[in-house]
Amino acid sequence: MRDRIVFHIDANSAYLSWEAAYRLSHGDTIDLREIPAIVGGDPVKRSGIVLAKSIPAKKLGIATGEVLWKALQKCPNLKIIKPNYSLYMKCSKAMNEIISEYAPQVQRFSIDESFAEFTGTNKLWGDPVQLAYTIKNRIRDELGFTVNIGVSSNKLLAKMAGELRKPDMVHTLFPEELEEKFWPLPIGELYGIGRATTPKLQRQGIMTIGDLARMDSEFLQYKLGKYGLVIWKYANGIEDSMTREATDGIKGIGNSSTLKKDLDDRETAHLFLLSLTEMVSMRLRDSGNMCGLVSVSIKYTDLGKVSHQRKLFYSTDNTNEIFNEVRRLFDESWNNEAIRHLGVRVSHLSSSDDYQLPILDTEKFEKNRNLDSTIDDLRLRFGKNSIIRSSFLHTPIKPVTGGVGEDDYLMMGSIL
DNA sequence: TCTGGGGTCCTAGGACCC
DNA sequence: TCTGGGGTCCTAGGACCC
Numbered sequence: 010m011r012d013r014i015v016f017h018i019d020a021n022s023a024y025l026s027w028e029a030a031y032r033l034s035h036g037d038t039i040d041l042r043e044i045p046a047i048v049g050g051d052p053v054k055r056s057g058i059v060l061a062k063s064i065p066a067k068k069l070g071i072a073t074g075e076v077l078w079k080a081l082q083k084c085p086n087l088k089i090i091k092p093n094y095s096l097y098m099k100c101s102k103a104m105n106e107i108i109s110e111y112a113p114q115v116q117r118f119s120i121d122e123s124f125a126e127f128t129g130t131n132k133l134w135g136d137p138v139q140l141a142y143t144i145k146n147r148i149r150d151e152l153g154f155t156v157n158i159g160v161s162s163n164k165l166l167a168k169m170a171g172e173l174r175k176p177d178m179v180h181t182l183f184p185e186e187l188e189e190k191f192w193p194l195p196i197g198e199l200y201g202i203g204r205a206t207t208p209k210l211q212r213q214g215i216m217t218i219g220d221l222a223r224m225d226s227e228f229l230q231y232k233l234g235k236y237g238l239v240i241w242k243y244a245n246g247i248e249d250s251m252t253r254e255a256t257d258g259i260k261g262i263g264n265s266s267t268l269k270k271d272l273d274d275r276e277t278a279h280l281f282l283l284s285l286t287e288m289v290s291m292r293l294r295d296s297g298n299m300c301g302l303v304s305v306s307i308k309y310t311d312l313g314k315v316s317h318q319r320k321l322f323y324s325t326d327n328t329n330e331i332f333n334e335v336r337r338l339f340d341e342s343w344n345n346e347a348i349r350h351l352g353v354r355v356s357h358l359s360s361s362d363d364y365q366l367p368i369l370d371t372e373k374f375e376k377n378r379n380l381d382s383t384i385d386d387l388r389l390r391f392g393k394n395s396i397i398r399s400s401f402l403h404t405p406i407k408p409v410t411g412g413v414g415e416d417d418y419l420m421m422g423s424i425l
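Residue numbers for the first sequence follow our numbering, so the first one is 10 and each next one is one higher.
One thing to keep in mind: the hints can contain errors.
Unchecked claim - Restraint ranges, calculated between C-beta atoms of paired labels, are given here:
1) Ser95 to Ser382: 21 to 27 Å
2) Met216 to Asp136: 33 to 39 Å
3) Ile259 to Leu321: 17 to 23 Å
4) Ile397 to Ser95: 39 to 45 Å
5) Ser382 to Ile259: 18 to 24 Å
As the list claims (entries may be wrong) - Listed below are the simulated SDA-like cross-link pairs for lysine to any residue, each with C-alpha atoms no more than 20 Å apart in a straight line:
6) Lys242 to Ala205
7) Lys68 to Asn93
8) Lys68 to Ala205
Keep in mind that the hints were calculated from the coordinates and are not lab data. A virtual CB, placed ideally from N, CA and C, is assigned to each residue, including glycine.
Take the sequences, apply the hints, and build the full model.
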């Protein structure tokens, strides 16, 4: 018997599989998974990248994150599907409902990945690997898409196990299997090691996860700080974070968007920031939080980035107050060059139950709060464009920007 | 026609206080 | 009189994840 049993469940090519399953169940005869197909953005809006690809598309050299026109060069008759996030949220929910029938504790890690804790369920469900097959097959047969399930004694190893071979597979990666299954993998495949760290480690002669595992941990800590010790532990399969319910722990809320056209006048920038702020503050209120910090980010045409943030004197969830800060932050940081992308983000969240009236201007603040909640209600019931600020009339800027595609934004919280 | 959008965590340096 | 050292808070930016 093992101390701990954790599963990592990961939908294979999630967006594409979900589109395929949905379309087949609605009378389509072509399975998107069997032709060169991708789910991707809109090149006209300059947000055209590959979000998910079929295996035939992968075989033609198409990669996730690649710009659409490049993917089209590799495959001119590539089938391109626009993302439909509300469908994906439903699929994600259905997948997690099946998992929750078995697991006492489920942690949603992203829209298409979850951890499930099975520690102490041996009497109830028997052999964990058999159970993993049961769950995997039920998702496939009942929902029409496949998942990989990784089984191990902590979250890191369960996740790495799930990555081993895809699709539609169950893998274990227990500590006694590290040498055989884990250590031969290239260093860049380790969770936590990305584009910047891979070449750094390679220059030290660390090419595989095993090379990293065998390094002196103090040397790594000296070279890379705290992070050096973390990745050394990962390489040795050491990780002890708990599987926690995802309800708590949101740290910040932000929306950002690339503009259809580069922009160089302050007024339009302000308007765009207002439309982002509308979405961010609506999501903030929906989450039941107030924010104590506001930040603005600017990406210029040459892709140079700046960000500017400021702590507030008191927390707020009011659109106008947040926007006043956003506008100030923008004005302080903009260098008058052409802007490609703008972002608004709030953090230092605290529960709005603890809301306290400011000492001054009590009446004005109460009025603002009531106005916000009325607008939120209308937008939730009738769509986000049902009520808009007059400043957006006769402008090309959409009154509410951020979140998911052109559809009315569906609150994550009310769907997941 | 270069390179989306949503997050989290860590670090470094400056300000400020004692 | 020429300036130590620790602690904390704040901001900017980088790295990573999906």
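Hints, verified against the model:
1. Ser95 to Ser382: 21 to 27 Å: Given a distance of about 24 Å, which is inside 21 to 27 Å, the answer is holds.
2. Met216 to Asp136: 33 to 39 Å: holds (36 Å)
3. Ile259 to Leu321: 17 to 23 Å: holds (18 Å)
4. Ile397 to Ser95: 39 to 45 Å: Because 22 Å falls outside the window, the suggested range is violated.
5. Ser382 to Ile259: 18 to 24 Å: Cβ of serine 382 to Cβ of isoleucine 259: about 20 Å, so the range 18 to 24 Å holds.
6. Lys242 to Ala205: Holds, because 19 Å separates the two Cα atoms, which is no more than 20 Å.
7. Lys68 to Asn93: With a Cα-Cα distance of about 25 Å, the restraint between lysine 68 and asparagine 93 is violated, given a limit of 20 Å.
8. Lys68 to Ala205: Given pair lysine 68, alanine 205 is violated - Cα atoms ~27 Å apart, limit 20 Å.
Of the hints listed earlier, those the structure fails to meet are numbers 4, 7, 8, in rising order.
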